[in-house]
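**Student:** Sequence:
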Amino acid sequence: MTFSLVAKCENTNMFGVAIASSSPAVAARCSYTRAGVGAVSSQNVTDPSLGPLTLDYIEKGSSASQAINQLRETSKNLEFRQVLVIDRNGQTAHHSGKNSLGIWADASGINVLSAGNLLANKGVSEAIVHGFEKSSGHLADRLISALMAGLHEGGEAGPVHSAGIKVSHTVSWPIVDLRCDWSETCPIEMVSDAWKVYKPQMDAYLKRALDPSKAPSYGVPGDL
146 MTFSLVAKCE NTNMFGVAIA SSSPAVAARC SYTRAGVGAV SSQNVTDPSL GPLTLDYIEK
206 GSSASQAINQ LRETSKNLEF RQVLVIDRNG QTAHHSGKNS LGIWADASGI NVLSAGNLLA
266 NKGVSEAIVH GFEKSSGHLA DRLISALMAG LHEGGEAGPV HSAGIKVSHT VSWPIVDLRC
326 DWSETCPIEM VSDAWKVYKP QMDAYLKRAL DPSKAPSYGV PGDL
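First residue of the sequence shown: 146, per our numbering; consecutive thereafter.
Among the hints, a few may not be true.
Unchecked claim - Cross-link-like lysine-lysine pairs, in silico, DSSO-like; alpha carbons within 27 Å at most:
(1) K279 / K205
(2) K279 / K267
(3) K359 / K344
Since the hints were derived computationally from the structure, they do not count as laboratory data.
Could you put the whole structure together from the sequences, leaning on the hints where they help?
**Tutor:** Shown next, in the form of C-alpha coordinates:
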(Lines of atoms letter the chains of each structure in order from A and count residues from 1; the text may use other names and numbers.)
(Lines give C-alpha, C1' and ligand atoms only; values in the text may rest on other atoms or scores of the structure.)
Protein backbone atom coordinates (compact mmCIF):
# COMPACT_ATOMS: atom_id res chain seq x y z
CA MET A 1 0.00 0.00 0.00
CA THR A 2 3.01 2.22 -0.63
CA PHE A 3 5.23 3.64 -3.34
CA SER A 4 8.57 5.27 -2.62
CA LEU A 5 12.06 6.09 -3.78
CA VAL A 6 15.49 6.43 -2.22
CA ALA A 7 18.01 8.67 -3.93
CA LYS A 8 21.35 10.45 -3.76
CA CYS A 9 22.33 13.82 -5.21
CA GLU A 10 25.65 13.24 -6.92
CA ASN A 11 26.51 16.96 -6.73
CA THR A 12 25.93 17.53 -3.00
CA ASN A 13 25.99 13.95 -1.61
CA MET A 14 22.59 14.53 0.01
CA PHE A 15 20.50 11.43 0.62
CA GLY A 16 16.72 11.39 0.46
CA VAL A 17 13.53 9.36 0.68
CA ALA A 18 10.09 10.20 -0.69
CA ILE A 19 7.07 8.05 0.05
CA ALA A 20 3.28 7.96 -0.30
CA SER A 21 0.61 5.55 0.91
CA SER A 22 -3.05 4.95 1.63
CA SER A 23 -1.98 4.27 5.24
CA PRO A 24 -1.63 7.08 7.79
CA ALA A 25 1.74 8.60 8.73
CA VAL A 26 3.71 6.52 6.24
CA ALA A 27 6.78 8.78 6.25
CA ALA A 28 7.01 8.66 10.04
CA ARG A 29 7.18 4.85 9.98
CA CYS A 30 9.06 4.05 6.80
CA SER A 31 11.66 6.72 5.89
CA TYR A 32 15.28 6.74 7.08
CA THR A 33 18.33 8.78 6.03
CA ARG A 34 21.76 9.24 7.52
CA ALA A 35 24.30 11.85 6.41
CA GLY A 36 27.30 10.36 4.66
CA VAL A 37 25.79 6.87 4.84
CA GLY A 38 22.65 6.40 2.78
CA ALA A 39 18.87 6.20 2.74
CA VAL A 40 16.35 3.42 3.34
CA SER A 41 12.63 2.90 2.89
CA SER A 42 11.18 0.01 4.93
CA GLN A 43 7.61 -0.72 3.81
CA ASN A 44 4.88 -3.33 3.15
CA VAL A 45 3.75 -4.62 6.57
CA THR A 46 6.33 -2.25 7.98
CA ASP A 47 9.05 -3.12 10.46
CA PRO A 48 10.53 0.28 11.42
CA SER A 49 13.61 -1.34 12.97
CA LEU A 50 14.88 -2.39 9.53
CA GLY A 51 15.66 1.17 8.47
CA PRO A 52 18.20 2.03 11.18
CA LEU A 53 19.59 -1.51 11.10
CA THR A 54 20.28 -1.30 7.37
CA LEU A 55 21.97 2.09 7.77
CA ASP A 56 24.08 0.65 10.59
CA TYR A 57 25.31 -2.09 8.25
CA ILE A 58 26.28 0.47 5.62
CA GLU A 59 27.95 2.76 8.15
CA LYS A 60 30.10 -0.18 9.22
CA GLY A 61 31.26 -0.71 5.64
CA SER A 62 28.65 -2.79 3.85
CA SER A 63 27.44 -1.91 0.37
CA ALA A 64 23.73 -1.65 -0.34
CA SER A 65 23.57 -5.22 -1.65
CA GLN A 66 25.63 -6.55 1.26
CA ALA A 67 23.32 -4.80 3.71
CA ILE A 68 20.27 -6.44 2.12
CA ASN A 69 21.98 -9.83 2.34
CA GLN A 70 22.73 -9.20 6.02
CA LEU A 71 19.07 -8.39 6.62
CA ARG A 72 18.08 -11.65 4.96
CA GLU A 73 20.47 -13.56 7.20
CA THR A 74 19.53 -11.92 10.50
CA SER A 75 15.94 -10.56 10.34
CA LYS A 76 12.67 -12.42 10.78
CA ASN A 77 9.51 -12.18 8.69
CA LEU A 78 11.23 -10.68 5.66
CA GLU A 79 8.73 -12.46 3.42
CA PHE A 80 6.34 -9.65 4.45
CA ARG A 81 8.77 -6.76 3.92
CA GLN A 82 9.98 -4.45 1.19
CA VAL A 83 13.28 -2.68 1.87
CA LEU A 84 14.92 -0.16 -0.49
CA VAL A 85 18.45 1.08 0.14
CA ILE A 86 20.99 3.39 -1.46
CA ASP A 87 24.52 3.60 -0.10
CA ARG A 88 27.22 6.29 0.05
CA ASN A 89 28.43 5.34 -3.44
CA GLY A 90 24.99 5.64 -4.99
CA GLN A 91 24.66 1.86 -5.31
CA THR A 92 21.18 0.47 -4.73
CA ALA A 93 19.60 -2.79 -3.64
CA HIS A 94 16.18 -3.92 -2.53
CA HIS A 95 14.26 -6.80 -1.03
CA SER A 96 10.64 -7.59 -1.83
CA GLY A 97 9.32 -10.56 0.12
CA LYS A 98 7.04 -13.15 -1.45
CA ASN A 99 4.14 -11.79 0.61
CA SER A 100 4.46 -8.25 -0.78
CA LEU A 101 0.94 -6.97 -1.23
CA GLY A 102 -0.96 -6.83 -4.51
CA ILE A 103 0.86 -5.67 -7.62
CA TRP A 104 4.42 -4.86 -6.63
CA ALA A 105 7.37 -3.67 -8.67
CA ASP A 106 10.80 -2.08 -8.51
CA ALA A 107 12.99 -0.03 -10.82
CA SER A 108 16.43 1.52 -10.51
CA GLY A 109 18.47 4.19 -12.25
CA ILE A 110 21.49 6.36 -11.63
CA ASN A 111 21.51 7.24 -7.91
CA VAL A 112 17.85 6.24 -7.50
CA LEU A 113 15.73 3.20 -6.65
CA SER A 114 11.95 2.94 -6.47
CA ALA A 115 9.60 0.17 -5.34
CA GLY A 116 6.01 -0.20 -4.28
CA ASN A 117 3.21 -2.56 -3.41
CA LEU A 118 -0.54 -2.59 -4.01
CA LEU A 119 0.25 -0.52 -7.08
CA ALA A 120 -2.19 0.42 -9.80
CA ASN A 121 0.22 -1.15 -12.32
CA LYS A 122 3.81 -2.31 -12.64
CA GLY A 123 4.83 0.85 -14.48
CA VAL A 124 4.62 3.07 -11.41
CA SER A 125 8.14 2.40 -10.14
CA GLU A 126 9.65 2.94 -13.59
CA ALA A 127 7.78 6.24 -13.90
CA ILE A 128 9.19 7.36 -10.54
CA VAL A 129 12.75 6.59 -11.63
CA HIS A 130 12.27 8.41 -14.94
CA GLY A 131 10.73 11.34 -13.08
CA PHE A 132 13.76 11.58 -10.83
CA GLU A 133 16.32 11.22 -13.61
CA LYS A 134 14.81 13.99 -15.75
CA SER A 135 14.35 16.38 -12.81
CA SER A 136 16.79 19.01 -11.57
CA GLY A 137 17.38 21.31 -8.61
CA HIS A 138 17.51 20.58 -4.90
CA LEU A 139 17.17 16.92 -3.99
CA ALA A 140 13.86 17.62 -2.24
CA ASP A 141 12.46 19.15 -5.45
CA ARG A 142 13.54 16.07 -7.37
CA LEU A 143 12.03 13.70 -4.82
CA ILE A 144 8.67 15.44 -5.03
CA SER A 145 8.77 15.49 -8.84
CA ALA A 146 9.51 11.77 -8.91
CA LEU A 147 6.73 10.95 -6.46
CA MET A 148 4.24 12.98 -8.50
CA ALA A 149 5.36 11.10 -11.63
CA GLY A 150 4.48 7.85 -9.91
CA LEU A 151 1.11 9.22 -8.88
CA HIS A 152 0.37 10.32 -12.44
CA GLU A 153 1.26 6.85 -13.69
CA GLY A 154 -1.44 5.44 -11.42
CA GLY A 155 0.20 5.33 -8.01
CA GLU A 156 -1.41 3.03 -5.52
CA ALA A 157 -4.47 1.01 -6.45
CA GLY A 158 -6.49 2.91 -3.82
CA PRO A 159 -6.51 6.55 -2.69
CA VAL A 160 -3.31 8.02 -1.29
CA HIS A 161 -3.70 9.63 2.15
CA SER A 162 -0.18 10.30 3.49
CA ALA A 163 3.21 11.25 2.10
CA GLY A 164 6.56 12.67 3.09
CA ILE A 165 10.11 13.57 2.12
CA LYS A 166 13.28 13.34 4.18
CA VAL A 167 16.74 14.61 3.24
CA SER A 168 20.05 14.35 5.11
CA HIS A 169 23.26 16.16 4.31
CA THR A 170 26.23 17.04 6.55
CA VAL A 171 24.67 17.15 10.01
CA SER A 172 23.37 14.34 12.20
CA TRP A 173 19.71 15.28 11.75
CA PRO A 174 17.63 15.53 8.55
CA ILE A 175 17.80 18.99 7.01
CA VAL A 176 14.37 18.35 5.46
CA ASP A 177 11.68 16.25 7.14
CA LEU A 178 8.22 17.17 5.86
CA ARG A 179 5.12 15.02 6.14
CA CYS A 180 1.42 14.94 5.61
CA ASP A 181 0.20 12.23 7.95
CA TRP A 182 -3.41 12.16 6.67
CA SER A 183 -5.41 13.98 4.04
CA GLU A 184 -8.56 13.32 2.06
CA THR A 185 -7.00 15.42 -0.74
CA CYS A 186 -3.57 14.86 -2.31
CA PRO A 187 -0.93 14.51 0.44
CA ILE A 188 1.92 14.79 -2.06
CA GLU A 189 0.70 18.23 -3.08
CA MET A 190 0.47 19.18 0.60
CA VAL A 191 4.09 18.13 1.14
CA SER A 192 5.06 20.08 -1.96
CA ASP A 193 3.34 23.18 -0.58
CA ALA A 194 5.14 22.73 2.75
CA TRP A 195 8.47 22.46 0.94
CA LYS A 196 7.81 25.72 -0.92
CA VAL A 197 7.44 27.42 2.47
CA TYR A 198 10.37 25.64 4.12
CA LYS A 199 12.90 25.79 1.27
CA PRO A 200 13.79 29.50 1.56
CA GLN A 201 14.13 29.14 5.35
CA MET A 202 16.07 25.87 5.43
CA ASP A 203 19.56 27.37 5.65
CA ALA A 204 18.45 29.80 8.37
CA TYR A 205 17.20 26.93 10.53
CA LEU A 206 20.51 25.13 10.02
CA LYS A 207 22.47 28.21 11.07
CA ARG A 208 20.31 28.64 14.18
CA ALA A 209 21.11 25.08 15.18
CA LEU A 210 24.85 25.38 14.58
CA ASP A 211 25.52 28.93 15.83
CA PRO A 212 22.54 30.89 17.24
CA SER A 213 24.74 33.98 17.79
CA LYS A 214 25.21 34.37 14.04
CA ALA A 215 21.78 33.15 12.95
CA PRO A 216 19.30 35.40 11.13
CA SER A 217 16.27 36.79 12.91
CA TYR A 218 13.11 34.74 13.05
CA GLY A 219 10.99 37.22 11.15
CA VAL A 220 7.90 36.67 13.28
CA PRO A 221 5.79 39.12 15.30
CA GLY A 222 7.61 40.08 18.53
CA ASP A 223 11.03 39.15 17.14
CA LEU A 224 13.56 41.87 17.78
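**Student:** Is K279 close enough to K205, meaning Cα to Cα at most 27 Å?
**Tutor:** It is violated: about 33 Å lies between the C-alpha atoms, which goes past 27 Å.
**Student:** Does K344 lie within 27 Å of K359 when you go C-alpha to C-alpha?
**Tutor:** 20 Å, holds
**Student:** Do the alpha carbons of K279 and K267 lie within 27 Å of each other, as the hint requires?
**Tutor:** Satisfied, since the Cα-Cα distance of roughly 20 Å is no more than 27 Å.
Checked against the numbered hints given earlier, this structure breaks only hint 1.
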